[in-house]
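Trainee: Here is how the chains run, residue by residue.
Protein chains: 2
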Amino acid sequence: MTEFLCPCGPGITVPAALMPDFAKAGGLIPVITQDASTLEVLMLAYMNEEAFAKTLETGEVHYWSRSRNELWHKGETSGHVQKLRGMRIDCDNDALLVRVDQTGGAACHTGYRSCFYRALTEDGVIECCPLIFDPDAL
Amino acid sequence: MTEFLCPCGPGITVPAALMPDFAKAGGLIPVITQDASTLEVLMLAYMNEEAFAKTLETGEVHYWSRSRNELWHKGETSGHVQKLRGMRIDCDNDALLVRVDQTGGAACHTGYRSCFYRALTEDGVIECCPLIFDPDAL
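Chains A and B supply the protein sequences, listed in that same order. Using my numbering, read the first sequence as starting at 474 and increasing by one per residue. Using my numbering, read the second sequence as starting at 474 and increasing by one per residue.
Derived from the structure by calculation, the hints contain no laboratory data. Hints are supplied without guarantee of correctness; some may be wrong.
Note that identical chains are pooled: a pair holds if it fits in a single copy or bridges any two copies.
Unchecked claim - Derived lysine to any residue pairs resembling SDA-like cross-links, with alpha carbons at most 20 Å apart:
| id | residue 1 | residue 2 |
| --- | --- | --- |
| 1 | K527 | G597 |
| 2 | K497 | P483 |
| 3 | K497 | R541 |
| 4 | K497 | G552 |
| 5 | K497 | R539 |
| 6 | K556 | E595 |
| 7 | K556 | P503 |
| 8 | K497 | E549 |
| 9 | K527 | E600 |
| 10 | K556 | S540 |
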């Protein structure tokens with residue numbers, strides 16, 4: 474699968490075709506975050522217009538935290554930032570897909586590589602994803 | 474990456490650990506749909522409790538259409554159904570990841586394989602995904 478580097482930097486201009494329709498979505502759009510190398514889905518979070526702009530300005534993914542109601546620079550305190558490698562938009566301009574290099578190897582606050590670390594199987598629910606760090610030991 | 478077949482069939486019991494918290498999410502949760510073979514993200518849509526149950530009962534992905542406000546058996550009219558291969562849930566139990574075999578090869582109503590068919594690059598927005606069918610010719 475071809476991957477393209479996403480241009481980043483201060484003052485970057487986003488073509489209209491890739492601008493999310495924040496107004497239609499009530500200000501927040503869902504963002505799927507995928508590991509740029511393995512294509513594993515790491516998490517789903519949300520961006521508002523400010524988080525979207527900060528992500529492209531800095532090259533590190535910013536979300537809008539719905540629980541804290543504030544801009545969320547992912548990994549700012551832990552150092553586990555997400556370096557932006559690619560950005561795609563869906564047909565309705567109301568969802569984004571970002572591809573990242575996940576510093577530290579874990580996207581989830583639980584210490585698992587992916588927030589989607591539980592799978593349904595014939596034997597019940599299993600942990601399908603490695604634990605990278607112990608959050609209690611931080 | 475290990476993949477696990479998701480059990481399906483009438484009367485399937487979902488373990489509590491994999492049950493989405495529909496109430497917390499206002500009845501609808503976002504669902505990321507990923508190609509089971511290539512891991513390409515095909516689309517993002519929503520499920521309510523009925524769509525979730527129907528998906529597991531039938532082994533074909535059902536969503537809740539927010540625009541039509543009705544249960545949406547993906548591919549019911551076109552034949553482009555999504556065969557369920559895996560199901561994962563996130564750490565907050567408010568997002569799902571399904572892995573599917575996409576019948577017909579295209580998940581998007583535009584005819585592209587993925588709804589995320591546009592990527593931001595140094596040269597502007599490009600189409601990063603093949604067109605599988607011409608929707609005007611249907």
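Trainee: If a hint holds in the structure, say so; if it does not, say that too.
Mentor: Going through the hints against the structure:
1. K527 to G597: between (41 Å within a copy, 19 Å between copies)
2. K497 to P483: Neither. Shortest intra-copy (26 Å) and inter-copy (37 Å) distances fail the 20 Å Cα cut-off.
3. K497 to R541: For K497 and R541, the Cα distance is within 20 Å only across copies (16 Å; inside one copy 23 Å).
4. K497 to G552: Close neither inside one copy (33 Å) nor across copies (30 Å); limit 20 Å.
5. K497 to R539: Both ways: K497 and R539 sit 18 Å apart in one copy and 13 Å across, limit 20 Å.
6. K556 to E595: between (36 Å within a copy, 17 Å between copies)
7. K556 to P503: within (18 Å within a copy, 24 Å between copies)
8. K497 to E549: For K497 and E549, neither the intra-copy (30 Å) nor the inter-copy (27 Å) Cα distance is at most 20 Å.
9. K527 to E600: Neither way: K527 and E600 sit 33 Å apart in one copy and 24 Å across, limit 20 Å.
10. K556 to S540: Neither: 23 Å inside a copy, 34 Å across copies.
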